[in-house]
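Participant: Given chain A, work out where chain B should sit, using these hints.
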Amino acid sequence: MNYEKLIASSVSSVEPSGIRKFFDIANELKDVISMSVGEPDFVTPWNIRQSAINSIQMGETHYTSNSGTPRIRSLIKQYLSERFNVHYEPDQMLVTVGASEALDLAFRALIDPGDEVLIPAPSYVSYEPSVLFAHGVPVPIVTREEDDFVIRKENIEKTITEKTKIIVVPYPNNPTGAILSEEDIIDIQEIALKYDLIVIADEIYAELTYGRRHRSVAEGFEDRTILINGFSKAFAMTGWRLGYAAGPKPFINAMLKIHQYTMLCAPIMSQRAGEEALSNEMNKDYSQIAEMLRSYNKRRVFLVDSFRRLGYSCYEPRGAFYVFPNITASGLTSEEFCKRLLLEYHVACVPGTAFGKNGEGFIRCSYATSYENIQEAVRRIERFTGTLK
Amino acid sequence: MDIRKEILAILKDDALTTHAMIARMLDTDEKTVDEEIGAMEKEGIIVKYEALINSEALGDDAPAEAMIEIKVEPKLNFGYEDIARRIYEFPEVKSLYLMSGRYDFSIRVEAKTMKEISKFVWEKLAILEGVKSTETTFLMRKYKENGTVLNKGNEQKRLVVSP
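Protein sequences, first through last, are from chains A and B.
Per my numbering: the first sequence = residues 1 to 389.
Per my numbering: the second sequence = residues 1001 to 1163.
Next comes chain A alone, as it looks inside the complex (with noise of 0.2 Å):
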């Protein structure tokens, strides 16, 4: 049987994931340090992963409510409005399996075949085969690095043509780090307006900003936008697979029935989990994310500092906990250069076309790893670069 030829073309179409080709080979290497991860070094703070084991000892072992607890629902609505002036109400909300969830949901419950969406590229992996997957029409909105990796106005409307539905505004942005600027979410917001556009602003990294606060797209702008965050990034809980989306009922309703059907709910563990981590750092004042933050920003000034050291051009990042230096000065492309870092120097990053074609030329580097490690990782891609010169 030709099994090849059953499989949906929506699938078959789609490469799998360039950061996978990576994985099988640094994981025969010894002494890798990896700078290719995308979740955070540290382990889930202890008392939510002891919420989680307090809610199996007491039993609670069944389905939750498709949209999620009401009360993880209400501390969202009250964290959403309290750190980012972002409102919405708790019937406005859908607690998903991982933020990955919400994204899929909200691409199958939006998109009619042919409908355009708009990705900046570089992003992060999976917008383009969700988006097709949705048999919906990705069209990527080219960002550079003099212009910050944000996505401008005049780039934006190049692209947009009758059948574009729909904006992804993945900031703070993996793999660049770009985080956007008031102005630039005026611009957004214009542009959707004129041009009748829905917004999908996927913000898991909203809360890794160094030296600004994040401003959220969705502020003052709700009902356009359907705003997708979790806890993986800021709570370091990416493996229990816990995320939401928040936006317009109608929205959420259509996303809600798809979910329904297919996940039920998120686990209920990980929701309880998911409610000790909010109302505990909106008691403490967000303290135990200010460290987080304080660690995460001195490997990312150091390992800026160092590739600029090292005679490559390199963006300074905002956010997330990725630095997207400019390595054409090695005179290699990005597969070229990560491939003989990993083999020869057991450093492992992955290239920047795995993000998208203009990627070319870059690659990520994620600073979610010991400040040793980078230290160390540093010393053998100076090693490595003398080699080159």
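Since the hints were made in silico from the structure, they are not lab data.
What you are looking at is a predicted structure, and each value in this text was computed from that prediction instead of being measured.
Watch out, some of these pointers could steer you wrong.
Part of the chain B face toward chain A, derived, beta carbon under 7 Å [stated by the list, open to error]:
1) 1023
2) 1024
3) 1027
4) 1055
5) 1139
6) 1140
7) 1158
8) 1163
Calculated lysine to aspartate or glutamate pairs in the EDC-like style (CA-CA distance at most 20 Å, straight line) [unchecked claim]:
9) B:1157 to A:41
10) B:1005 to A:24
11) B:1152 to A:24
12) A:284 to B:1061
13) B:1005 to A:285
14) B:1142 to B:1061
15) B:1157 to A:285
Residues from chain A that keep clear of chain B, each with C-beta distances beyond 10 Å, as calculated [to be verified]:
16) 59
17) 215
18) 305
C-beta atoms are modelled at their ideal positions from N, C-alpha and C, and glycine is treated no differently.
Facilitator: Chain B alone, transformed into the frame defined by chain A:
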């Protein structure tokens, strides 16, 4: 941003962080950091910079340590100050705190051996004028010091590569 609070948090985590690095982290210039740290040193907010040592890793060279609870009789006009001074002047005494509760002082004592600590208690501490009683508990193992977990297992549980 309270710049002093931020500087202190950075130094508490790693006192070797350079002023230039602190300036970069806080989006300010090195001169400001120099000045703030200099002022905090002068004001006695920053007392000194010391290394956190995991004595267990020293093996046989590790000193013996004990916590001692002390009940004292504070003196008229001098309160606790006088007796506190006469205790902390001993070099064996590494820290001394006045506590609320059923005793007055809690001290941490360090010496080469447990025997030496015992001798210190009966020869020097217990006989001090004003000391009513002592209760010595020997420290067996340190798990966490000043917010830092010692002897941490270093296993990497994450995937090497993830999106």
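Participant: Next step is simple, just say for each hint if it's right about the structure.
Facilitator: Results for each hint:
Violation of the interface hint for residue 1023 of chain B is found here, the shortest Cβ-Cβ separation to chain A being roughly 9 Å, above the 7 Å cut-off. The interface hint given for residue 1024 of chain B holds, since its Cβ lies 4 Å from the closest Cβ of chain A, which is under the 7 Å cut-off. Below 7 Å, beta-carbon pairs count as interface contacts, and residue 1027 of chain B has one with chain A at about 4 Å; its hint therefore holds. About 21 Å separates the beta-carbon of residue 1055 of chain B from the nearest beta-carbon of chain A, more than 7 Å, and the hint is not met.
A least Cβ separation of about 24 Å between residue 1139 of chain B and chain A goes past the 7 Å threshold, and the interface hint is therefore violated. The interface hint given for residue 1140 of chain B is violated, since its Cβ lies 23 Å from the closest Cβ of chain A, which is over the 7 Å cut-off. The interface hint given for residue 1158 of chain B is met, as the beta carbon of that residue sits about 6 Å from the closest beta carbon of chain A, less than 7 Å. Restraint check, residue 1163 of chain B versus chain A: the minimum CB separation of about 5 Å is within 7 Å; hint holds.
Note on residue 1157 of chain B and residue 41 of chain A: the hinted pairing holds, with a Cα-Cα distance of about 9 Å set against a maximum of 20 Å. This hinted pair does not check out: residue 1005 of chain B and residue 24 of chain A have alpha carbons roughly 44 Å apart, beyond 20 Å. Annotation: proposed proximity of residue 1152 of chain B to residue 24 of chain A is violated, straight-line Cα distance about 28 Å (limit 20 Å). Using a Cα cut-off of 20 Å, the hinted pair residue 284 of chain A and residue 1061 of chain B is violated, with the two alpha carbons roughly 41 Å apart.
With a CA separation close to 15 Å, the supplied pair residue 1005 of chain B and residue 285 of chain A stays within the 20 Å bound. Distance hint between residue 1142 of chain B and residue 1061 of chain B is fulfilled; the C-alpha atoms sit about 15 Å from each other, no more than 20 Å. Using a Cα cut-off of 20 Å, the hinted pair residue 1157 of chain B and residue 285 of chain A is violated, with the two alpha carbons roughly 30 Å apart. Every C-beta of chain B lies more than 10 Å from that of residue 59 of chain A, the closest at about 28 Å, which supports listing it as non-interface.
Listed as outside the interface, residue 215 of chain A is consistent with that label: its C-beta sits roughly 17 Å from the nearest C-beta of chain B, beyond the 10 Å cut-off. For residue 305 of chain A, the condition that its CB be more than 10 Å from all CB atoms of chain B is violated, with the nearest at approximately 7 Å.
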